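What follows is each chain in one-letter form.
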Amino acid sequence: MADSNWLTEFPQLDRGELRDIRKALDSGYREFSREYGELIESFFDPLLTFLVWFEKLLLATPWSIVIIAVAGLAYWASRSWKLGLGVVISFLLIGYFGMWDNTMRTMSIILVCTFLAIALGVPIGIAMARSDRTQAIVTPALDIMQTMPAFVYLIPVVMLLGIGKIPGVIAVIIYAIPPVIRLTNLGIRLVDKDVLEAATAYGANPLQRLLGIQLPLAMPTIMAGINQTIMMALSMVVIASMIGVKGLGQPVLKSITNQYFTLGLFNGLAIVALAITFDRVSQAYAKRAQRHMGGLNND
Amino acid sequence: MTDALIKIENLYQLFGPTPKKYMGLVHEGKSKDEILAETGHTLGLKDINLSINKGEIFVIMGLSGSGKSTLIRHFNRLIDPTEGVIKVEGTDVMKLPPKELEQFRRHKMSMVFQRFGLLPHKSVLDNVAYGLQIQGVKKAEALDSAKKWLETVGLAGYEEQYPSQLSGGQQQRVGLARALCTDAEILLMDEAFSALDPLIRSEMQDQLIELQKTLHKTIIFITHDLDEALRLGDRIAILKDGEIVQQGEPEEILLNPATEYVEAFVRDVNRARALTVETVMKDPAYRITAETIKEALEQMRGFKQDYGYVINNDGYQGIVKEDTLQEAYDDDSKADLTNELIEQVDALEQDAVLESVIPTTLEAEFALPVVDTDGNMTGRLSRGTLSDVLGVRH
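So the protein lines, in turn, are chains A and B. Per my numbering, numbering of the first sequence is gapless, rising by one per residue and ending at 299. Per my numbering, numbering of the second sequence is gapless, rising by one per residue and ending at 693.
No lab work stands behind these hints, which were simulated from the structure alone. Everything numeric in this text was worked out from a predicted model, so none of it was measured. Cβ coordinates follow ideal geometry from the N, Cα and C atoms, glycine included. There's no promise every hint is true.
Under 8 Å between C-beta atoms, here's a sample of chain B residues computed to sit facing chain A [claimed, not checked]:
1. ILE378
2. GLN402
3. ARG405
4. SER409
5. PHE412
6. TYR429
7. GLY430
8. ILE433
9. VAL436
10. LYS437
11. LYS438
12. LEU442
13. THR672
Derived lysine-lysine pairs resembling DSS-like cross-links, with alpha carbons at most 27 Å apart [as the list claims (entries may be wrong)]:
14. LYS394/B to LYS421/B
15. LYS394/B to LYS193/A
16. LYS421/B to LYS287/A
17. LYS438/B to LYS353/B
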């Protein structure tokens, strides 16, 4: 028999067929991007305008005001002067070592990405918590988003939108949005059934239950998700720089290709400083906002 | 019979994925275990019929797993029954569309929960005002009213605290204030005091009884504690495995348990504290209404005992013995029945709890007369009756 060796050799598609499949998909997608690329780009135009404006705003603001604003925010969120002082020192060091502009660029894109991730992620998480079917559909999608190597989904995004800020933002959000979705879903599902039942018994409608009970009670968990989202967005900075996102990622990329150890280390440390600032501030805020919920005697 | 405020008719609850499909088996009269084995469905409630009157405290009692907490959730449809009718003031609650059901829950009923169900992220005052806030009442107005109710339950000064800062008893007072704050006519209390320690529990019971005197709410109270049921209930329904095995007034259940199950329940109750004289006393027989000794002796001849209770227009006067009468008669056969011949024996009040009359009843050589508040004799209580009622039954 002709195919008697199928036990030892995998009965795979032959090269020609594989090539045809690739060609068909590639040309199909290329045509799609040629056809709709402009349309989709123009759809993102307002976002691009905002990104550019926000970056310019941060760059144009005198460094002293930025530091005061960030440190003030840190203090307001945490009521801890140690954290405020730490923020001031790390930003001063960043500026002293000549990384101020790149840090502002990175900060602007991270803040916008986080904002978008929350704006998209929380509603998706709510939808997941309300229906097991939605959860069953969204969960595998989140798995893919978290495990698929970023380069793989960068290809179609770049094909469609070219290189620049928007594809960078999309890549960062794809990678960073899963935690806020997952933890919003989890937080709402974990809300004490007794409390929810009480609200229902007093005639609360679904919206009143969501806004008055579920979201506030899920807030510690949601905040943990937001915190994770910020961290993951920061870790994408280097990859995003490969498709033209300016900021702290680009010097890191340059130092990888040219083996500039010190340049890489400084910029890497600046990213870490940003990450720690965001992390501590958001965590301290979450903790403070929920302080009276600790140790509720409900068992 | 007063008009029923809430009526539940032929209510069934079958838990499982396709309950409607198997309701036939339930109507065939198969037992809970048979249905579970055959279909995997759990029969939660079976053929419940209740009618609850305006202004009464109706206690539904049962052990865990009897379906009592399931049943109370049917009144405001936190759980929908598989079959059956729930009527409140003639409105079929089952037929209410979602919006009207919300309105119904907001205005007609409020609920107190075993595990309090307070909102941990809101202050005590906001918790109490929650029902009004859901109704859309103006904030200032809602808080004013909440403050008033918080005061009523004895928690003035705790307004700005959070529930986690209060003790269990205080948390449940907040729960009670929240329920009262909406001014709903019907109060559902799901094991409201079960999670509290005994001392606080009895304090809360007292408070509820005190409040009910002025508020006259219709209260449906769930409990697993018979003493609590007897203490609070105007009427009691006993639930076992999803069926009502007996319903009636507390004394009726104590004295005439319908099944062995109820009897086993009732056995451990402190009857001396649960029953009043009125519920166990015998008929007001052996009354002597005569004016002369002669007539009195004639009346007494018909008795099975050698003494009688002297009654005139002013009610009960005292006890007279046959031999005293005979002596007096032998002296003067035409004499009137005068006070000298009557022994002054204090009567028992019919509303008194048995516990309080044990000593006097046991010491008395007579069966003691029982009178109402106007002094009219309404019954009698003997040592024998008392020991029958309080003694261990077999």
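Against the structure, the hints:
A least Cβ separation of about 10 Å between ILE378/B and chain A goes past the 8 Å threshold, and the interface hint is therefore violated. The criterion of a C-beta within 8 Å of any C-beta in chain A is met by GLN402/B, whose closest approach is roughly 7 Å, and the hint holds. At about 3 Å, the closest approach between the beta carbon of ARG405/B and any beta carbon in chain A falls short of 8 Å, and the interface hint on this residue holds. A cut of 8 Å between beta carbons decides the hint on SER409/B: the least distance to chain A is about 7 Å, and the hint holds.
Annotation: interface hint on PHE412/B holds; nearest CB of chain A at approximately 6 Å, less than 8 Å. Because the closest C-beta pair between TYR429/B and chain A is about 6 Å apart, less than 8 Å, the hint holds. Using the Cβ-Cβ criterion of 8 Å, the hint placing GLY430/B at the interface with chain A is satisfied: the shortest such distance is roughly 5 Å. At about 5 Å, the closest approach between the beta carbon of ILE433/B and any beta carbon in chain A falls short of 8 Å, and the interface hint on this residue holds.
With 8 Å as the threshold, the beta carbon of VAL436/B stays out of range of chain A, its nearest partner Cβ sitting at about 12 Å, so the hint is violated. With a least beta-carbon distance of about 16 Å to chain A, the hint placing LYS437/B at the interface is violated under the 8 Å criterion. Using the Cβ-Cβ criterion of 8 Å, the hint placing LYS438/B at the interface with chain A is not satisfied: the shortest such distance is roughly 14 Å. Restraint check, LEU442/B versus chain A: the minimum CB separation of about 16 Å is more than 8 Å; hint violated.
Interface hint status for THR672/B: violated, as the beta-carbon distance to the closest one in chain A is roughly 41 Å, over 8 Å. Simply put, LYS394/B and LYS421/B have alpha-carbon atoms about 34 Å apart, too far for the 27 Å limit, and the pair is violated. Among the hinted pairs, LYS394/B with LYS193/A is consistent with the structure: their alpha-carbon atoms are about 26 Å apart, no more than 27 Å. The hinted pair formed by LYS421/B and LYS287/A meets the criterion: a straight-line CA distance of about 16 Å does not exceed 27 Å.
Taken as a hint, the LYS438/B and LYS353/B pair is broken in the structure, with Cα atoms around 31 Å apart against an allowance of 27 Å.
Hints 1, 9, 10, 11, 12, 13, 14, 17 from the earlier list are contradicted by this structure; the remaining hints agree with it.
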